[in-house]
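Dock chain B against the given chain A, drawing on the hints supplied.
Sequence order for the protein chains is A and B.
When you read off a place in the first sequence, starting at 1, and then add 10, the result is the number in the numbering used here.
When you read off a place in the second sequence, starting at 1, and then add 865, the result is the number in the numbering used here.
Among the hints, a few may not be true.
[Stated by the list, open to error] DEER-style ranges, computed between Cβ atoms:
1. A:A72 to B:K988: 39 to 49 angstroms
2. B:D945 to A:H239: 43 to 53 angstroms
3. B:P966 to A:F52: 24 to 34 angstroms
4. B:K988 to A:E118: 54 to 64 angstroms
[As the list claims (entries may be wrong)] If you only want the chain A side, here are some residues facing chain B, beta carbon under 7 angstroms, derived:
5. L37
6. N38
7. R41
8. A45
9. G46
10. A72
11. F74
12. V142
13. G152
14. M159
15. F160
16. A174
[To be verified] Not the full set, but computed from the structure, chain B residues with beta-carbon under 10 angstroms of chain A:
17. G891
18. G892
19. G947
20. I948
21. C974
22. P975
23. P1032
24. G1035
25. K1063
Derived from the structure by calculation, the hints contain no laboratory data.
Idealized CB from N, CA, C, for every residue including glycine.
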Amino acid sequence: MNFKWWPIRRFVQLSAVVLIASPLMGLNIFRGNLAGGELFGFSLIDPLAFLQATVASRIFVAPFLGAALVVAAFYFLLGGRTFCAWVCPVGLITELNDRLRRSLATGERRLPLSASRWSLVVVIVVSFLAGVPLFEIISPIGMTTRALMFRDWLTLLMLVSICAVEVAIARRVWCRSLCPLGGFYSLLGRFSPLRIHFSEQLCTHCGECTRICPHEEVLLPSLDHDCSHIYSGDCTRCCDCIDICPTKALSVHVIYK
Amino acid sequence: MPQTGVTRRRFLKDGVLMPLALALAGGSISALFLRSADARGFYLRPPGAVEEGRFLGACIKCGKCAQACPYNSIRMAGADAGIGIGTPHIIARQEPCRLCPDIPCAKVCPSGALDAKLENVEKIRMGTAVIVDRENCLSLRGLRCEVCYRQCPLIDKAITIEARHNPRTGVHSIMEPVVHRDKCVGCGICENACVRDKPVIVVMKSPPLQKDYYEF
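Only chain A is shown next, with the shape it has when bound in the complex (with noise of 0.2 angstroms):
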């Protein structure tokens, strides 16, 4: 039995843009955005929303707080950025545009992946200043889920800026480096009980994993120097790595402690 989890990753993804679009379809299932949602009556929040909202009005609403921390705590017991790789639609497209600069063999250049976490102070910080969420101004999600919310589809052009910049310049800059919700979940994701596993017996250090991996700097510490698991908060638990490797050297792992 050949195990893959690539098809349930892209079903996710895929069932994510379904939902959102789904008002649109007639269906009451599910309200809202990726930012702000009500799944089945359940108000669910993008806690990164929810803290540039609050520091930018200064309103302080209950609910919202709780919405957040609920999702909040889902992602932390599933791995953090797997938001990255499972739901976010943006993710979704630059991991399909990839591809495309993959076979172009272009863009090779990369920012380092702690760039998000200073992208996610400066939103915090502008925020706060300037009285304006300012994540929520220039996101290409917002923008995304809005255009399937709302066929407005001229905000895809932001999608458009980055799927170009991805392919020609630096590859998947936005997702590795830019966005500051990839560096909130990667907070998250550090601490998370959800790892990817790394056996040194098995690996006979074929570099299959570091070439499909988005963030391939995650692999190196247990490539090296033999760690056990995959210990970066930037792994975005998306299982490439697992699927591609010849030896089953990588799986998906639990740790109780």
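Just chain B now, with coordinates in the frame of chain A:
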């Protein structure tokens, strides 16, 4: 021929593709954001919206209010709204707020940008209707139009008719629609109903309800 280490392939990738991509990226974002904004500088927000400055801070642009509106009055602003991109607003001339008694849009707002506890539609303050073009108002010209008054959901409270002598003819009356700012909720139904091609009554930012006169 000297060897520079720059191959044709490398030159095409770095020298042509990169500027092209940057131009496409810059062009897309400019096309998105650099468009002329509403000259009035006022956005009619959904019922229960807090003061505009705080509203822009609190709105997370989730679109639930627009999805909850049964009349599709609430639209999500495009990038021509600048930092207001993705915020909900109402274009009264297209579809005004119909003042649903249960205020479904404000109920679903998670962030407090719209006051979810709002119960009474008469407490809504989205703006205030103002007759901005007195020369073209049919009622003020002496005709019996009064469509704004008839259509007003708060008829005889927010808009009343005050009759006065018509000095132009000397024998008729002018039935003037008068908006009372302490009662007007700013729903925009009058602006929507105005029979002129360009509405002579439009909803504008509410003046602060603070006394600016001395009461004897």
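Structure-based check of all given hints:
1. A:A72 to B:K988: 39 to 49 angstroms: violated, 22 angstroms
2. B:D945 to A:H239: 43 to 53 angstroms: Given about 48 angstroms between the Cβ atoms, the range holds.
3. B:P966 to A:F52: 24 to 34 angstroms: holds, 26 angstroms
4. B:K988 to A:E118: 54 to 64 angstroms: The hinted range 54 to 64 angstroms holds for B:K988 and A:E118, with Cβ atoms some 60 angstroms apart.
5. L37: Where the cut-off is 7 angstroms and the nearest Cβ of chain B is about 12 angstroms from A:L37, the hint is violated.
6. N38: violated, 10 angstroms
7. R41: holds, 5 angstroms
8. A45: Cβ of A:A45 sits 4 angstroms from chain B, so the hint holds.
9. G46: holds, 3 angstroms
10. A72: violated, 10 angstroms
11. F74: holds, 5 angstroms
12. V142: For A:V142, the interface hint holds, since the closest Cβ of chain B sits about 5 angstroms away, which is under 7 angstroms.
13. G152: Holds: closest Cβ of chain B sits about 5 angstroms from A:G152, inside 7 angstroms.
14. M159: At about 5 angstroms, which falls below the 7 angstroms cut-off, the nearest Cβ of chain B leaves the hint on A:M159 intact, so it holds.
15. F160: holds, 5 angstroms
16. A174: Since the shortest Cβ distance to chain B is 4 angstroms, the answer is holds.
17. G891: Result: holds, 7 angstroms to nearest chain A Cβ.
18. G892: Since chain A brings a Cβ to about 8 angstroms from B:G892, closer than 10 angstroms, the hint holds.
19. G947: At about 9 angstroms, which falls below the 10 angstroms cut-off, the nearest Cβ of chain A leaves the hint on B:G947 intact, so it holds.
20. I948: For B:I948, the interface hint holds, since the closest Cβ of chain A sits about 5 angstroms away, which is under 10 angstroms.
21. C974: Result: holds, 9 angstroms to nearest chain A Cβ.
22. P975: holds, 5 angstroms
23. P1032: This hint is violated: B:P1032 lies away from chain A, its Cβ roughly 51 angstroms from the closest one there, beyond 10 angstroms.
24. G1035: Constraint on B:G1035 not satisfied, violated at 55 angstroms.
25. K1063: violated, 26 angstroms
Checked against the numbered hints given earlier, the structure breaks hints 1, 5, 6, 10, 23, 24 and 25 and satisfies all the rest.
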